[in-house]
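Here is how the chains run, residue by residue.
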Amino acid sequence: MNVIVNGESVQLQDGIENVKDLLEHYDIQDKVVVVEVNGNILTSAQHQSTRLSDKDRIEIVHFVGGG
Amino acid sequence: MNNRYSRQELFTPIGKAGQENISRKHVLIIGAGALGSAGAEALVRAGIGQLTIVDRDYVEWSNLQRQQLYTEDDARNRLPKVIAAKNRLSAINSSVSIEAIIADASALELKEWTQNVDLIIDATDNFETRMMINDAAQMYGIPWIYGACVGSYGITYTIIPKKTPCLSCLLGTVPLGGLTCDTAGIIGPAVNMVVSYQISEALKILVGDSDSLRNKLISFDLWKNQYSAIKVEKLKKKDCPSCGKERTYPYLSFENQTKTAVLCGRDSVQIRPAHPVVRDLEALEKTLQKQGGTVQRNPYLLSFSTGSHRLVIFQDGRVIVHGTKNISEAKTLYHRYFG
Ligand SMILES: [Zn+2]
Chain A
1029 MNVIVNGESV QLQDGIENVK DLLEHYDIQD KVVVVEVNGN ILTSAQHQST RLSDKDRIEI
1089 VHFVGGG
Chain B
32 MNNRYSRQEL FTPIGKAGQE NISRKHVLII GAGALGSAGA EALVRAGIGQ LTIVDRDYVE
92 WSNLQRQQLY TEDDARNRLP KVIAAKNRLS AINSSVSIEA IIADASALEL KEWTQNVDLI
152 IDATDNFETR MMINDAAQMY GIPWIYGACV GSYGITYTII PKKTPCLSCL LGTVPLGGLT
212 CDTAGIIGPA VNMVVSYQIS EALKILVGDS DSLRNKLISF DLWKNQYSAI KVEKLKKKDC
272 PSCGKERTYP YLSFENQTKT AVLCGRDSVQ IRPAHPVVRD LEALEKTLQK QGGTVQRNPY
332 LLSFSTGSHR LVIFQDGRVI VHGTKNISEA KTLYHRYFG
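Taken in order, these protein sequences are the chains called A and B. Here the first sequence is numbered in our numbering, starting from 1029 and rising by one per residue. Here the second sequence is numbered in our numbering, starting from 32 and rising by one per residue.
Just chain A, with the same shape it has in the complex (with noise of 0.2 angstroms):
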């Protein structure tokens, strides 16, 4: 399916079925994120029960703590 990651259009491959899934194609699952999906905000009990589909909006916030 075709969905929209901060702003750009992705490809995703079959087998990224959710948002858990999507964080881990990312290789960001070990960090803390903020996910909105469609404008909705998720929290982070809910990015296995999130499941994605063609043309969402998703939006991937990650903290860093450099300065």
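Misleading hints may appear alongside valid ones.
[As the list claims (entries may be wrong)] With a straight-line cut-off of 20 angstroms between C-alpha atoms, the simulated SDA-like cross-links for lysine to any residue are:
no.: 1; chain 1: B; residue 1: K255; chain 2: A; residue 2: R1085
no.: 2; chain 1: B; residue 1: K255; chain 2: A; residue 2: Q1039
no.: 3; chain 1: B; residue 1: K321; chain 2: B; residue 2: G370
no.: 4; chain 1: B; residue 1: K265; chain 2: A; residue 2: T1078
no.: 5; chain 1: B; residue 1: K265; chain 2: A; residue 2: H1090
no.: 6; chain 1: B; residue 1: K247; chain 2: A; residue 2: K1048
no.: 7; chain 1: B; residue 1: K262; chain 2: A; residue 2: M1029
no.: 8; chain 1: A; residue 1: K1083; chain 2: B; residue 2: S259
no.: 9; chain 1: B; residue 1: K265; chain 2: A; residue 2: G1067
no.: 10; chain 1: B; residue 1: K247; chain 2: A; residue 2: V1061
no.: 11; chain 1: B; residue 1: K247; chain 2: A; residue 2: N1066
no.: 12; chain 1: B; residue 1: K267; chain 2: A; residue 2: E1064
no.: 13; chain 1: A; residue 1: K1059; chain 2: B; residue 2: Q257
no.: 14; chain 1: A; residue 1: K1059; chain 2: B; residue 2: L266
no.: 15; chain 1: B; residue 1: K268; chain 2: A; residue 2: T1071
no.: 16; chain 1: B; residue 1: K255; chain 2: A; residue 2: Y1054
no.: 17; chain 1: B; residue 1: K193; chain 2: B; residue 2: K267
no.: 18; chain 1: B; residue 1: K262; chain 2: A; residue 2: E1064
no.: 19; chain 1: A; residue 1: K1048; chain 2: B; residue 2: S241
In case anyone wonders, no lab produced these hints; they're calculated from the structure.
Based on the hints, put chain B with the ligand in the right spot on chain A.
Below, chain B with the ligand alone, put in the same frame as chain A:
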């Protein structure tokens, strides 16, 4: 009166009244690295009344690529960052009252500093200190602006007590160990972008234009050309330990212990004594000279090189052990030379 603020006063959302407000405000910046240098310079040029800037470190050559207040002389002399910063900032705007504090911000001190300021700018490099800032800001109802960067990536959020979620709400219950050191380097533009967001928000707060605040969690990557802004107010938690109804300010409650920290990406360990002390660096220099190794001293710190290690001790008793990431090895060296 000269017209040094004329361009800022011509900017309608600030105007003469806003400038007057700015000139009466006291801002606390925690950290005088890349974010702290740029943020402090912007605020001092903008004409705030008072600045308190706190940092635990001294200037090194690897800082000069992005930490805009510092010079080669500062690195050569191993000047504490806040001392070098104060020198430069006073030359930029002598009408701002600047307090430079060489310290590793502890809970006790943070509470004391927070009570007297209008705003806190986060320019630290670690979450342990940020969570303490978050608690102290909630305790005294002071706004603060989170900012951080790594590589070409940056992130920022403005936290207003009683209005927005706090940092603890946003990070959730994730252990802070999950937010480990970033070793991906950093480019100057990412620093300045974070600071531009932080200081724009700061100016809005200082002139009292809270309607113009951004209210979003911002992140960007200047190399990958990405940008994201998320509304996060729904993440505010009623049972948050830092801003909720039955808050306990958990991050302000560990005190009075010797603290050690591996410094991010620096092959160094910091050791802070349990109780503040004042070290006689001159006497210590004489003792260490008899131990072999090289000793160098300036009015603020003493540097002692031995083998592949270098130990730097500050007047407040803090020691940074360079050449190791191993806490027990660092402690051994600390006790061998400093008792
Ligand atoms: Zn909170």
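- CA of K1059/A to CA of L266/B, is that 20 angstroms or under? At roughly 17 angstroms apart (the allowed maximum being 20 angstroms), L266/B and K1059/A satisfy the hint.
- Given the hint that K255/B pairs with Q1039/A, does the C-alpha gap stay at or below 20 angstroms? With Cα atoms ~17 angstroms apart, K255/B and Q1039/A stay inside 20 angstroms; holds.
- Message: Does V1061/A sit within 20 angstroms of K247/B, going by the straight-line distance between their CA atoms?
- Response: Since the Cα atoms of K247/B and V1061/A sit roughly 14 angstroms apart, the hinted pair holds (cutoff 20 angstroms).
- Message: Would the hint linking K1048/A and S241/B be met if the CA-CA limit is 20 angstroms?
- Response: Roughly 36 angstroms separates the two Cα atoms, so the pair is violated.
- Task: With a cut-off of 20 angstroms on the C-alpha distance, tell me whether K268/B and T1071/A pass.
- Result: Judged against 20 angstroms, a Cα distance of about 11 angstroms means the pair holds.
- Query: Are the Cα atoms of K267/B and E1064/A separated by 20 angstroms or less?
  - Reply: The hint holds at about 15 angstroms.
- Query: When you check the alpha-carbon spacing of K265/B and G1067/A, does it fall within 20 angstroms?
  - Reply: With a Cα-Cα distance of about 12 angstroms, the restraint between K265/B and G1067/A holds, given a limit of 20 angstroms.
- Item | Restraint status (C-alpha distance of K265/B to T1078/A at most 20 angstroms) | holds (17 angstroms)
- Item | Restraint status (C-alpha distance of K247/B to K1048/A at most 20 angstroms) | Violated, at roughly 23 angstroms.
- Item | Given hint N1066/A paired with K247/B - CA-CA distance at most 20 angstroms | holds (16 angstroms)
- Please work out if K1059/A and Q257/B have their alpha carbons no farther apart than 20 angstroms. holds (18 angstroms)
- Message: Does S259/B sit within 20 angstroms of K1083/A, going by the straight-line distance between their CA atoms?
- Response: Distance ~17 angstroms between K1083/A and S259/B Cα, so the pair holds.
Violation of the numbered hints given earlier is confined to hints 6, 7, 19; the remaining hints are satisfied by the structure.
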